[in-house]
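S.K.: Each chain, written out:
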Amino acid sequence: MNAAAAPLEPGAPAPDFELRSTPSQMVRLSEFRGRPVILAFYPEDWSPVCSDQMALYQEVMPEFRRYDAELLGISVDGIWSHLAFAKDRNLHFPLLADFEPKGDVARAYHAYRADDGTSERALFVIDAEGIVRWSYLSPVGVNPGADGILHALEDLAMKGVPS
Amino acid sequence: MRATQWESRLTLPVSEDRDHIQGSSDARVTLVEYGDYECPYCGEAYPIVKDVQERMGERLRFVFRNFPITTSHPHAEQAAEAAEGAAAQGRFWEMHDHLYENQQRLSDDDLHSYARVLDLDPDVFGKELAEHVHADRVHEDFLSGVRSGVNGTPTFFINGLRHDDSYESETLLSALQRAAESGEED
Numbered sequence: 000m001n002a003a004a005a006p007l008e009p010g011a012p013a014p015d016f017e018l019r020s021t022p023s024q025m026v027r028l029s030e031f032r033g034r035p036v037i038l039a040f041y042p043e044d045w046s047p048v049c050s051d052q053m054a055l056y057q058e059v060m061p062e063f064r065r066y067d068a069e070l071l072g073i074s075v076d077g078i079w080s081h082l083a084f085a086k087d088r089n090l091h092f093p094l095l096a097d098f099e100p101k102g103d104v105a106r107a108y109h110a111y112r113a114d115d116g117t118s119e120r121a122l123f124v125i126d127a128e129g130i131v132r133w134s135y136l137s138p139v140g141v142n143p144g145a146d147g148i149l150h151a152l153e154d155l156a157m158k159g160v161p162s
Numbered sequence: 000m001r002a003t004q005w006e007s008r009l010t011l012p013v014s015e016d017r018d019h020i021q022g023s024s025d026a027r028v029t030l031v032e033y034g035d036y037e038c039p040y041c042g043e044a045y046p047i048v049k050d051v052q053e054r055m056g057e058r059l060r061f062v063f064r065n066f067p068i069t070t071s072h073p074h075a076e077q078a079a080e081a082a083e084g085a086a087a088q089g090r091f092w093e094m095h096d097h098l099y100e101n102q103q104r105l106s107d108d109d110l111h112s113y114a115r116v117l118d119l120d121p122d123v124f125g126k127e128l129a130e131h132v133h134a135d136r137v138h139e140d141f142l143s144g145v146r147s148g149v150n151g152t153p154t155f156f157i158n159g160l161r162h163d164d165s166y167e168s169e170t171l172l173s174a175l176q177r178a179a180e181s182g183e184e185d
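Read top to bottom, the protein sequences are chains U and F. Going letter by letter, the first sequence gives residues 0 to 162 in numbering that gives the first Met the number 0. Going letter by letter, the second sequence gives residues 0 to 185 in numbering that gives the first Met the number 0.
Think of the hints as simulated: they come from the structure by calculation, not from any bench. It is possible that some hints are incorrect.
Label-pair distances were calculated between CB atoms; the ranges are [unchecked claim]:
1. Leu172(F) x Gly140(U): 19 to 27 angstroms
2. Ala11(U) x Val123(F): 50 to 58 angstroms
3. Lys86(U) x His111(F): 38 to 46 angstroms
4. Pro138(U) x Arg54(F): 41 to 49 angstroms
Just so it is clear, CB atoms sit at the ideal spot from N, CA and C, and this is done for glycine as well.
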């Protein structure tokens, strides 16, 4: 299938995963059951567009928190790259290393770019029951911003299912 | 694919009462910039905006809103509040220009010295800056930008639609001219 054209769609159960967030800590998606989760796949640490996108999400964090949502960034970079990147850019949310087997989680969300060996720039909002409620695939060079995420969280909060 | 395609539009309409505006409300085209005073790309855009303003003349109205990304730019919030403090004394655009012309020097001491250069009441300016009197306004701008699809700085909106193309002078100018012409057909 052409993963690039179709991220995992709304209504699908979000595939569970366990990935490293620091050299000694693992994060499991199902730990956050009961709260919304924002999964932000991005191609690589350090590239200019990603940096703006992650810095923006850090800045918008208080708004995400108003919906009790947890934000997880994911790329195929290793944990030491993530740590250096987070420190350099002042990011205070987990960056998960989809590193070994490389891109496995991205593939499960239909958000892997096999040609480049990186994930897509793809966003998922997952509800408290672990169901994907909104997904968005951005052109890889375009920072998708945060308005789509906020709209999806708002819809979740208001009626449980986004329009 | 069913994933929502997102169209980015200005969600907080331009208001003559609330916004900092150059140009007439009769202008055919309104250009809104969401900017950060410490952002180097906004610094690059600053003379470009001046250039397109000159070339568009009366057809263009320009609006500036704050979008400080403090994660990357530690002085951006305070600089934005300083510009709003100048606005409270009727000197927004002078401070806006001064900040962009001195982007490397945005410490509190610098901001106070700019207030003196611009002949603002230094006590009022200093008190408002220290007490973050204008923080709510800056945050309101920021949130309106987030909700409108601002994804970094600078982000421009032309007649309410996000300009996703380059903001290089000729590209921006032709987008503005197209908007002016399509307005004539209405």
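S.K.: Determine whether the Cβ-Cβ distance between Pro138(U) and Arg54(F) falls within the hinted range of 41 to 49 angstroms.
M.R.: For Arg54(F) against Pro138(U), whose Cβ atoms are near 30 angstroms apart, the range 41 to 49 angstroms is violated.
S.K.: Please test the hint of 50 to 58 angstroms on the beta carbon pair from Ala11(U) and Val123(F).
M.R.: holds, 57 angstroms
S.K.: If I claimed the Cβ atoms of Lys86(U) and His111(F) lie 38 to 46 angstroms apart, would that claim hold in this structure?
M.R.: Violated, since Lys86(U) and His111(F) (Cβ atoms, about 32 angstroms apart) do not stay within the stated range.
S.K.: Per the hint of 19 to 27 angstroms, is the separation of the Cβ atoms of Leu172(F) and Gly140(U) within bounds?
M.R.: For Leu172(F) and Gly140(U) the Cβ distance comes to about 23 angstroms; the hint holds.
Checked against the numbered hints above, the structure violates hints 3 and 4; every other hint is satisfied.
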